[in-house]
Amino acid sequence: MKRTANTAHLILSINLLLLTLTLFEPIMFWVSILVLVSVLIRIALFLEWHKHLPKTSTINLLALLSALVLAYTGWHLGLLLSMVNLLVMSGALKLMMMRKVRDFLILALVQIFIIGCGFIFNQGIFYALIYVSQLFIILLSLSFHVSPSGAIHKQSKRIGLLMLQAFPIAVLLFLVLPQIGPLWKMPGNNGAKTGISDTITPGDFAQLSMSDDLVFRAAFESDIPDKQALYWRTLVYEAFDGKSWSVSRHRAREKERMEAGNYNYSPGLYGASLQYDVIMEPSHQNWLYTLDIPRSDTEQTWFSHDYQLQSRILVTSKFKYSVRSFTEMPLNFTPYYTDTNINLMLPQRYNPETQSWVAALRARYPDDQAFIEVVEAFFVREKFSYTLKPRAMLLNPVDEFLFQYQAGFCSHYASAYAYIMRLAGIPARLVGGYQGGEARENNYISVYQYDAHAWVEIYLPDRGWIRKDPTALVSPERISLGLESAVAHENSFLEDSPMSLAKLKSIAIFNRLRLLMADVDFFWSSWVLGFDQQRQFTLFKMLAGKLTTGRVVAISLATLTLICALLLLFNYRVWLPKIENRHLHLYNQALKTLSRHGLNRLPQEGPDSFQSRIHGRISEQCAEDFRHITKLFIFHEYAPSSETNPDRLPELKIAVNSFKRRYRFSIK
Amino acid sequence: MQTQLEQAIEAISQVVLGKKHQIKLALTCLLAKGHLLIEDLPGMGKTSLSQAIASTIGLEFNRVQFTSDLMPADIIGISIFDNTSKEFAFHKGPLFSQMLLADEINRASPKTQSALLEAMEEHQVSVDGTTWPLPNPFFVIATQNPLHQSGTYPLPESQLDRFFMRIQLGYPDWQSERQMLMELTSHSTMPPKTIIDTTQFLDIQSQIPKINTSAAVIDYILRLVTFSRESEEFPNPLSPRASKAILLAAKAWAFLSSRDYVIPEDVQAVLPSVAEHRLRSSFSSANAADNLSNKLMESVDTLAA
Chain A
1 MKRTANTAHL ILSINLLLLT LTLFEPIMFW VSILVLVSVL IRIALFLEWH
51 KHLPKTSTIN LLALLSALVL AYTGWHLGLL LSMVNLLVMS GALKLMMMRK
101 VRDFLILALV QIFIIGCGFI FNQGIFYALI YVSQLFIILL SLSFHVSPSG
151 AIHKQSKRIG LLMLQAFPIA VLLFLVLPQI GPLWKMPGNN GAKTGISDTI
201 TPGDFAQLSM SDDLVFRAAF ESDIPDKQAL YWRTLVYEAF DGKSWSVSRH
251 RAREKERMEA GNYNYSPGLY GASLQYDVIM EPSHQNWLYT LDIPRSDTEQ
301 TWFSHDYQLQ SRILVTSKFK YSVRSFTEMP LNFTPYYTDT NINLMLPQRY
351 NPETQSWVAA LRARYPDDQA FIEVVEAFFV REKFSYTLKP RAMLLNPVDE
401 FLFQYQAGFC SHYASAYAYI MRLAGIPARL VGGYQGGEAR ENNYISVYQY
451 DAHAWVEIYL PDRGWIRKDP TALVSPERIS LGLESAVAHE NSFLEDSPMS
501 LAKLKSIAIF NRLRLLMADV DFFWSSWVLG FDQQRQFTLF KMLAGKLTTG
551 RVVAISLATL TLICALLLLF NYRVWLPKIE NRHLHLYNQA LKTLSRHGLN
601 RLPQEGPDSF QSRIHGRISE QCAEDFRHIT KLFIFHEYAP SSETNPDRLP
651 ELKIAVNSFK RRYRFSIK
Chain B
669 MQTQLEQAIE AISQVVLGKK HQIKLALTCL LAKGHLLIED LPGMGKTSLS
719 QAIASTIGLE FNRVQFTSDL MPADIIGISI FDNTSKEFAF HKGPLFSQML
769 LADEINRASP KTQSALLEAM EEHQVSVDGT TWPLPNPFFV IATQNPLHQS
819 GTYPLPESQL DRFFMRIQLG YPDWQSERQM LMELTSHSTM PPKTIIDTTQ
869 FLDIQSQIPK INTSAAVIDY ILRLVTFSRE SEEFPNPLSP RASKAILLAA
919 KAWAFLSSRD YVIPEDVQAV LPSVAEHRLR SSFSSANAAD NLSNKLMESV
969 DTLAA
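Chains as they are written, first to last, in my numbering: chain A, 1 to 668; chain B, 669 to 973.
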């Protein structure tokens, strides 16, 4: 008894370890070690290497020490991470001293709660599958606790069946229960981890390019436009201090005012447009990704004068918004003083060489258009090259880049270009975002961190803001084919993540696998994770038309009824008289078929005698079939079960069912 | 082994023609280590059957004709004072054989009957304080005239119960009797050869309990027994000893039918022989047409409800 009871404990222990592994990111290393140790203790107990649990006083001391360490480290971790660590830590400590039934049940519940916590950090479909299997393991452990002697395959079957039965109910509840927004949000301090930062110092983007994390997916209603046209505007940088570009303080203040006043910039847009939905990964920022010029009716979004669509709150979980972009509209709606003013501001320090070079050039080409052409020709003419491993340019970055090294990536080019324009008196700013993406045939596109890009917008009074991409001048393949082709010559693509599937693009099967995973994840994101209040209302409207209180009540009642019906369906056997001998039940069914034709077994007749009595009175085929049924029945009922005589209930079932069908009307 | 048993049955039925079922039942009884009572009119082949069985199985065979003046000592043996050794020496009677044919057992006095039945039960006899074991195997085949015949002491129920089985031979059919008469004119009938020797037979006997009986069969037997106890039609309900005997006989029958498990048909085949003499009271037994075991079988379903 003791030993089998341990099976349940062992399963639960190992599951705690697995759970910890899935949470390797939020969980601190020493907590994982604690878990490992407690699981080892459990394994030692199970294998009877050791007979006793650790002393309670030892564990109390350990708990005290762990709590102190956690309290110390938790200061930096923030509330959520400390709490998750605390949970896992106490789970491990409880495991060390698990003795009573109550301990076991508590630990099972705690593990289920940890699974819930796991969804805070990972919501992808693969994690969902992992967590479902973990839930399965916990339930299996409980099942072993209830009936310790059952074989593992039988227990698994039972739990699997229960979970399958629970699935439709879960789906129903998911669809019907109110999808309230999160009551509590994760404190977001992860901004540095993802996306573009609000400062560009040429060099930053190299970090970005090395990551193959998904940024967002966009599903187009029509075909996906050319890659060259896909400039996903994310952030506009209008302040330059000679080294780095950042969001202008003026602009930020203006935006704050607008947001506070609930003022939405809404230019009149017309002409050709693209309709698409974007599902973005949590960025812990409020910027959104759009093509110019966007208009969105999704709640929580607002549009500002720098043509940037923003979320009113930080995006801490997957967020879906739909956008219509008017691609042919010029960006000339903002003849504001701010625009031209802040985009001509220049730092006096740094880059003297560039300053004098531009001054000389501008003197020769006073016309804006001519000047731009000359500058672009300069980029094309000089031996500029695209690289992800540029030299450090510290003192006068633009000088060193333009005249010394002449090698860099998008932010170097964009920064230099915009600086030149400003020096020449043309308002210019940097736009950060993503360029291109990976298109899939079903009209959606996946954009990864390595698609990050920076380009320039200059303001010409008669045309508004015009996009200029100096990188394209130097390395056209970066724009038309993507980063990977642009840096193919130096093998620096995803150099730092050797395990990345994206690196295996050239191997067809891996690429197909990667794309398939992307498809699955897209489906998961858009239909499960993206199922929010709005979608729920759409669904209800589709089902019930206009939403009135009565109808909502009706939907709720219908759902409840449906759930009750499902539960009834799963458990109807409980109310039916129990069939103790299924073989006999089946045999009797065959007898019933025969008795329809006046062939009744006398009570004193054994199966074999009955079979031989009716032999001549029915058709040969029927007699043969019934003989087979009788044989199977006799084997089960009277012969000892052994290897040579296994239980052949399924065979009997098939035989009886086909017998019933075949001889319902005629046996002659 | 089954083939040898079949050969034995074949050989015996050359002697007792047209009685294969009864021969099989008799062998069943011997395989189940039980004693056999053959009840029939004189001249129906009771003695021939016993002799044929004894010789095919290679058993040492003694025959005692029971009469009203037969004393227990006549079958058990007596102690006689030996003049040379100055001691009483025990002279074993005809009981000390592997197979004893007790002809017309109901003609002997109850005293003699019970002496025999005691020996049957105990497999040993005690004379003057000394216990003498009987040989192994030890079978008694007793024959009995129908009770309505004169000069009979009917066996009491308690002693009938000692017989594992009771069979009736009945008249042979036309064909068999014709063949018998034809053969009688052509040549004298010789006792059949030994087909199974005694050690083999003991070996077979030891295998009978190993025959499998499923819960379904045991439940069937229990239903039969219980019905006999609950119904008023049965003056003598079946005892636990009877249910044991039914099960054992069914096992032996299954073995003879080359099966290693018992089916209800096996129970039914042996039930009339095993149960009839236990069900019937001594006094109602005159009415032989009223077959109680058949009534019992008809009242009980072979399959569980």
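Keep in mind that the hints are not guaranteed to be accurate.
[Said to hold, decoys possible] Chain B regions said to be covered by chain A (calculated; three or more residues, Cβ under 8 Å):
hint, segment
1, 801-809
2, 929-937
[What the hints assert, rightly or not] Just a few of them, taken from the derived set where beta-carbon distance is under 7 Å, the chain B residues facing chain A:
hint, residue
3, N880
4, S882
5, A884
6, V885
Source of the hints: derived by calculation from the structure; they are not laboratory data.
Note that beta-carbon positions come from the ideal geometry of N, C-alpha and C, so glycine has one too.
Here is what the structure says about each hint:
With 0 residues having a Cβ less than 8 Å from any Cβ of chain A, the segment 801-809 of chain B misses the three-residue criterion, and the hint is violated. Only residues whose C-beta sits within less than 8 Å of a C-beta in chain A count toward coverage, and the segment 929-937 of chain B has 6 of them, enough to reach three; the restraint holds. With its C-beta approaching chain A no nearer than about 4 Å, N880(B) sits inside the 7 Å limit, and its interface hint holds. Hint on S882(B) holds. Least Cβ distance to chain A is approximately 5 Å, under the 7 Å limit.
A cut of 7 Å between beta carbons decides the hint on A884(B): the least distance to chain A is about 5 Å, and the hint holds. For V885(B), the shortest C-beta to C-beta distance to chain A is roughly 6 Å, which falls under 7 Å, so the interface hint holds.
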